[in-house]
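Q: Since each chain comes alone in its own frame, lean on the hints to assemble the complex.
Heads up: the protein sequence lines correspond to chains A and B, in order.
Going by my numbering, the residue at position 18 of the first sequence is 18; the numbering climbs one at a time, nothing skipped.
Going by my numbering, the residue at position 273 of the second sequence is 520; the numbering climbs one at a time, nothing skipped.
Keep in mind that a hint or two might mislead.
Unchecked claim - Covered by chain B, according to a simulated footprint, are these stretches of chain A (three or more residues, beta-carbon under 8 Å):
1) 82-91
2) 95-105
Stated by the list, open to error - A partial selection of chain B residues facing chain A, derived with a Cβ cut-off under 10 Å:
3) F252
4) N264
5) E447
6) A456
Calculated directly from the structure, the hints in this document are not laboratory data.
Glycine included, each C-beta is placed from N, C-alpha and C at the ideal position.
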Amino acid sequence: MIEFREVCKSYESGDIGLDGASFEIERGEWVFIVGTTGSGKSTIMRLLIKELDATSGAIVVAGRNLADIDRKKVPSYRRNLGVVFQDFKLLPNRTVYDNVAYALQVTGAGRKQIRQTVPDILRLTGLSTKLHNYPDQLSGGEQQRVSIARAFINHPAVLLADEPTGNLDPETSIGIMQLLYRINRAGTTVLVATHDSTMVDKMRRRVIEVRGGRVIRDENDGMYSQREQSTDEFTAMLRDDSTRISW
Amino acid sequence: MRIGFFLRESLRALRRNAVPSFAALATVLVTVLVLGVFIPVVQVTTGAANDVRKRVIVGVYLKSGVTPAQIAQVGGVLRRTDHVKAVQFVSKASAFAQQKKADPAAYAIVDTNPLPDSYRVTPDNPSNVNLVSAALVKNGKPINPAIDTVNNRRDDAQKILSATSLVKATMGILAVLLVIASILLISNTIRLSLFARRREVEVMKLVGATDWFIRWPFVLEGILLGAIGGVLAIAMLLIAKFAVVDSIVSEFSVIGRPNTIDFPLLAVVLMCCAVAVSAAGSGLSLRRFLRV
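One chain only, chain B, in its complex shape (with noise of 0.2 Å):
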C-alpha cells in the first residue's frame, strides 16, 4: 500500500512538472551517453598502449652460417639473463616466411633469403628493456661469439614508455573531471526542480508529514528518471554500436583489437549510475527545504 502510494505520488509528480523532468531526464542521457563512448575509448586507448609496451622486445641476430649447436647454446645464454622472461628463436626460413607476408611486393623480388636467424627477447618488464640489451653486449662487444648484433632498441622503447603513461595520465584526468561535471550537471538540475516545490513541502510538513514520507515520492522520481535516461541512452549508444562502431573494427583490425568491456557489463554499470546519482541527488538536495 505504501509503496503503490509513493509510487502514484511520484508519478503524478512526473506528470505535473514535465519541463524541469525532461531537463533532469536529457541531462542524465547525456551524462549516460558521454560516459558510454568514454568508458570503451579509455579500455582501448590503454589497451592499445598495453599491447605496444607488450611488444617491446630485444632482437638478438645472429651471424650467418651458425651450427644449430651455436643456436642453442646462444638460446641458453639469453634465458638465463637477468630480466628476461620469454626467449623466441626465429629461424632464417620463418623470419623470410613472415616479412613476405607482410610486404609481398617488395620480398617478390628477392630471390635469396638475406635475414639472418635471431631470437626475440621478451624483458619481464618493458621499462627493463634497457638492462636485458646491456646484459647482451659487454664494451661494445656482444657476450657470445655466435652474436652478430643485439639490437638496441632503446629510443624507440622510452618514447613508446613515456606516451603510454602520458596517455593513461591524460585519460585519467578527463574522466575524473567528467565525472565531477556529470555529477554537478545533475544535482543542479535536480535542486532547480525542487526548488519550484519548496513550497510543496513546506506544506506538507505543515500538516504533519514526516521527513521521509515526503522525500520517498521524490528519490523514487528520481529513480524513474534515472532509469529512464539510463535505458534511452544505452540503447542508442546499442544502436551507435552495430551502425558505427563494429563496422569499423571488421574493416580496420586495430592493433590486434585490444579487450574492451562488454556491452552487457558496461550497460548494467551505466544504468546502476544512472539510477543511483539521480536518486541520491534528489534525496539530498531535499535536505535543505525539510528543515520547516
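Chain A with its partners taken away, still in its complex shape (with noise of 0.2 Å):
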C-alpha cells in the first residue's frame, strides 16, 4: 500500500529529513512509527501528504510514484487520504458539521450526499450532540473526533495520523486510539507517527523507529523503545513493578 524506497529528503536549510528510508506497509495495516523530535517522523508524513517532494528514491501509494504526481493533480490525490494533526487543522469558523462537510464538499459532492453522509459519520464518532458547536466550543479529545470524522468521510484507503493524542490527556487518547482502531478494522491502513510510549507498548503493533533520517527498527509487535537495559534497571524492575523506570 505504501512503499519507501531508499528516501532522502534535504531541506534547502540544509538539515537533513530522511536519510535513505525504506519500509513497505500493507493494505490494512497498523503501524506506529516512533523516534524522538527531529528523527524525521513529520517529514514522512509531509512526504506522504505530498506538501514535500522527496530528493531522492521513491515513494509509492497505492501504486501510484508521488514523483509522478504533478501540482495540479495533488488535490485529488489527497482527497483518497486521510489525515489527523496534533492540532487538529479545523476550520475555526465553522460548526462541527460543516467543518465534516467541507471534506466532502471539495469533491464536488451533491447537497443531498452531505446531508445523508455528514450525521452518520458523526454519530460513529460519537458527536452526534455537538453538530452545531464551533470547535472553540469543544474539548481537546472531541476535537480530535471532529478531525478524524473529516479524514474518514471519503473513506480513504489510508490514515495518517501525526501526534494524534500529542494534546490530549492518557483517558481521552484512549477514546481516540479505539476510534482510529475501529478504522483500522475496517480495512484502512493506519500510520500513526507517535510520542506515546504507552500507548504503543499496550498495542504492540508493527512499530518503525526512525533517527537521524534512517529507518533503525522495523519489527511486529514492537515497544516503543528498544534498547539494553541497565542492571540498575533490571533490578529494580525485578524488586517492585511500581517503580519501574519508565522509558
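A: Following this line, the structure appears as C-alpha cells:
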C-alpha cells in the first residue's frame, strides 16, 4: 500500500529530514512510527501528503509514484488520504457539521449526499450532540474526533495520524485510539506517528523507529523503545513493578 | 449549486471577519469617492484650459471710415492668410452692443460709438497665433492700408498656453499617483485580512481542495466588498452633486460650463474599477498562501 524506497529529503536550510529510508506497509496494516523530535517522523508524514517532495528515492502509495503526481493533481490525491494532526487543523469559523461537510464539498458532492453521510459519520465518532458547535466550544478530545470524522468521510484507503494524542490526556487518548482502531478494522491502512510510549507498548503493533532520518528498527509486535536494560533498571524491575523506570 | 455554495461561503466569511471586511470596504469607499471627485475636477480644469485656448484670436482693427468694399477686401486677404481657421467680422454697431451688454454702467455715459470695425481671426492652432499676426504686419506696417492695428496678443497667448500645459501635466501626475496609492491601499488591506486566514487556507488544501475551489469565495468576497463600497461612494457623490455642485454651477456660470463626464457613465466606470480592483486584489493576494 505504501512503499518508501531509499527516500532522502534534505531541506533548503541544509537540514536532513530523511536519509535513505526504506519500508513497506501492506493494505490494512496498523503501523506506529516512533522516534525523537527531529528524527524524521514528520518528514515522512509531510512527504506522504505531498506537502514536500523527496530529494531522491521513490515513494509509492496505492500503486502511484508520488513524484509523478503534478501540482494540479495533488488535491485529488489528498482526497484519497485521511489526515489527522496533533493540532486538529479544524476550520475555526465553521461548525462541527460544516467542518466535516467541507471534506465532501471539495470533491463536488451534492447537498443531498452531504446530508446523508455527515450525520452518520458524526454518530460513529460520538459527536451527534455537538453538530452545531464551533471548534472552540469543544474539548481537545472532541476536536480530534471531528478531525478524524473529517479524515474518514471519504473512506480513504490510508489514514495518516501525526501525533494524534499529543495534546490529549491519557484517558481521552484511549478513546481516540479506539476510534482509529475501528477505522483500521474496517480495512483502512493506518499510520500513526507518535511519542506516546505507553500507547505503543500496550497496543503491540508494528513499530518503525526512525533516528537521524534512517529506519533503525522495524518489527511486528514492537515496543516503543528497544534498548539494553542497565543492571540497575533490571534490578528495579524485578524488585517492584511500581518503581519501574519508564522510558 | 456550485455558485450558490461559493456565494454562501463568501457571505459566511464576510460575517465572520466583520472588522477586516469593514476596513477593506472603507478603503474601497474612500478611493472611489476621491476618484469620483477627481475625474470631473480634472475634466473641468482641462475643459477650462481648452476653452481659453479656443479664445486665442488675433484682433484686426480697421481704420475709421472705411468703405464696405475695403472691408470685404480685407476679409478676403485675411481668409487667404496661412494658418487661419476662421474669420469673423464685428461691425462698429455690434461691437458697441456687445460691450454695452458686458459693462452697462461704463457704456451708459458714452454717447457716441468709439469702437472701430474689426475682424476676429482664429488661428487653426492656438500655438500658431504668432505666425498669423506676423503675416498680417510686414516691417511694422499692416499689409493692407485699411487696417489700423493688428492686436498682437503674443504675451497673453504665451502665458495661457504655458499655463494650460502646466495644469495638464500636474493633473496627469496627480491622477497617476492617486491610482497607484489606491491600488496599494486596497491590496494591502486585502492582504491583511487574508493573512489572518492563511491557516484556514492551509487546512482547506490539506483536505484536498483545489486552488480555485479555495479562491472563488475570496474573489466573490472581493467583488461583494467592492460593489458595496462602490455603491455607497456613488450614493455619496450623487448627494454631493445635487447639494453642492449643481447649485454652484447655476450660481456662477464658470467659463461657459465645460463638458464633464455624464454622471451615469462616471458611476459605471467607478463601479467597474471598484469591483475589478478588489476582486483581482483578493484573488492575486491569495497566491502566496496557496503554495502548501
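Q: Against each hint, give a clear statement of whether it holds in the structure.
A: Hint check:
no.	hint	in the structure
1	82-91	holds (count 4)
2	95-105	holds (count 3)
3	F252	holds (7 Å)
4	N264	holds (8 Å)
5	E447	holds (6 Å)
6	A456	holds (4 Å)
No hint from the list above goes unmet by this structure.
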